[in-house]
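Chain by chain, the residues:
Number of protein chains: 2
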Amino acid sequence: MDSIPSGLNPDFELARCIDHTLLTPTAGLQEYRVQAREAARTRVAAFCVPPFMVAEVAPILKGTKTVTQTVIGFPLGFHTIGTKVFEAREAAAAGAGEIDMVVNRAYIRTGRMDRMAAEIQAVVQAVAPLPVKTILEISDLTMDEILASASAAVLAGAAMIKTSTGFFGEGAKLDVVRRLRDHLGPKVGIKASGGIRDLDQAWAFIQAGATRVGASRGLQIMAVFEGGAALW
Amino acid sequence: MDSIPSGLNPDFELARCIDHTLLTPTAGLQEYRVQAREAARTRVAAFCVPPFMVAEVAPILKGTKTVTQTVIGFPLGFHTIGTKVFEAREAAAAGAGEIDMVVNRAYIRTGRMDRMAAEIQAVVQAVAPLPVKTILEISDLTMDEILASASAAVLAGAAMIKTSTGFFGEGAKLDVVRRLRDHLGPKVGIKASGGIRDLDQAWAFIQAGATRVGASRGLQIMAVFEGGAALW
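Heads up: the sequence lines are chains A and G, in that order.
Residue numbers for the first sequence follow our numbering, so the first one is 1 and each next one is one higher.
Residue numbers for the second sequence follow our numbering, so the first one is 233 and each next one is one higher.
So here's chain A without its partners, still in its complex pose (with noise of 0.2 Å):
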């Protein structure tokens, strides 16, 4: 899809609606600090890097409209509590300004709402006041599972629920977007990603509720609708 959606306005600010991706795990620096620059020319919300690339992609973002991105316990969620807060605590230090982690899903399966959002919190506490934004990789939770988890990690201080790692399963569905909005109100944050790859689709997300777009195709989309908007 290389045109621009109908009902997407050129003064609509789509890039405030990205977060650029990169977690190909073999992807070497030079990689991230021209995606880093690129992202920062385009505005995009945020550059979502690995943890162990924090401390190169934040100096480059200083002082620009894009926020240094990462995620923890990721992409499956089963580390301890503790190594999670110490993943979260030394990515804020490095320059961090956006956390993803990807919570418990045993804990989820199992009925343990309780556990998983005292790992949210713990989290969240640790890294106040950034954002924290909860990763429920949707792919293998039934829509109960994933409404209610959504909620109690809302309660445990999530300023974001976030559908999938990109990683597993079928990523970001529009119907589950829809019922996010419709369950968690207007005011929470919902970030679609997960195999999101053109304009349309992002478009598509947003339209369904939600406020970002996580995708490693982000500046790429932004580039066809810098194109599109040049021509309007």
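By construction, these hints were calculated from the structure, which means they are not laboratory data.
Be a bit skeptical, because a hint or two may be false.
[To be verified] Label-pair restraints from in silico Cβ distances:
| hint | chain 1 | residue 1 | chain 2 | residue 2 | range |
| --- | --- | --- | --- | --- | --- |
| 1 | A | Gln30 | G | Gly427 | 31 to 41 Å |
| 2 | G | Arg248 | A | Arg43 | 57 to 67 Å |
| 3 | G | Asp372 | A | Asp144 | 30 to 40 Å |
| 4 | G | Gln262 | A | Gln30 | 39 to 49 Å |
[What the hints assert, rightly or not] Computed, partial: chain A to chain G, Cβ under 10 Å:
| hint | residue |
| --- | --- |
| 5 | Ile81 |
| 6 | Arg112 |
| 7 | Glu137 |
| 8 | Leu141 |
It should be emphasised that the depicted structure is a prediction, and the values quoted were computed from it without experimental measurement.
C-beta: ideal position from N, C-alpha, C; glycine also.
Using the hints, position chain G against chain A.
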């Protein structure tokens, strides 16, 4: 495959080569408990569980022939050295007897073998004298990268080279295990893992030079062997 491969004798201590593995992110405490008891009964070398389950499983396996094993920086390996050391130390304190650590493949890909080695060394020192296996995730590395990183890992103190996480790519390959065995000589442990689903495959990897086989079907593989051994 439900029969005994030719060349496998009933007195071969197969159990000592098997790391039974349960790393499903939604699995609950009961599943770990049941499988831990069965792992101990079959005397497999290890039961590999997520970090957050080490403290639950270690007391069950205490005093048995089966070691509690866990995974560090799993499965992407792109955490900071600090987080990997913290996670490994916590696992050791909680009763893990073996540590399977994912190396940082960005360092391999960009020729920073010194950094990869420094990370391994830090984890090895943090948990000494526990043996540390290094997971290379061979599926997206070239044969040259695999051999170079394997010898660097051994020099940095790794007790064993492990092929794959089982979460991405093709998993273990017979030709890679053969090449690793030639390259590393007879003394270094090699763990084949990823996609090994039956006794036939497990035995093929052992014949190719693996000293351990990691499998989420480890208990089923043992059941087939025990059933066959009973008929001999």
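Hint check:
1. Checked against the given bound of 31 to 41 Å, the beta carbons of Gln30/A and Gly427/G, roughly 33 Å apart, stay inside it.
2. The hint said 57 to 67 Å for the Cβ distance between Arg248/G and Arg43/A, and at roughly 58 Å that hint holds.
3. Between Asp372/G and Asp144/A the beta carbon distance is about 37 Å. The supplied range of 30 to 40 Å therefore holds.
4. Evaluation of the 39 to 49 Å hint for Gln262/G and Gln30/A yields a pass: the beta carbon distance comes to about 47 Å.
5. The closest approach between the C-beta of Ile81/A and any C-beta of chain G is roughly 8 Å, which is under the 10 Å cut-off, so the hint is satisfied.
6. Given hint, Arg112/A at the interface with chain G, holds; its Cβ is 8 Å from that chain's nearest Cβ, closer than 10 Å.
7. Given the 10 Å rule on beta carbons, the hint for Glu137/A holds: about 7 Å separates it from the nearest Cβ of chain G.
8. Because the smallest distance between the Cβ of Leu141/A and any Cβ of chain G comes to about 8 Å, under 10 Å, the interface hint for this residue holds.
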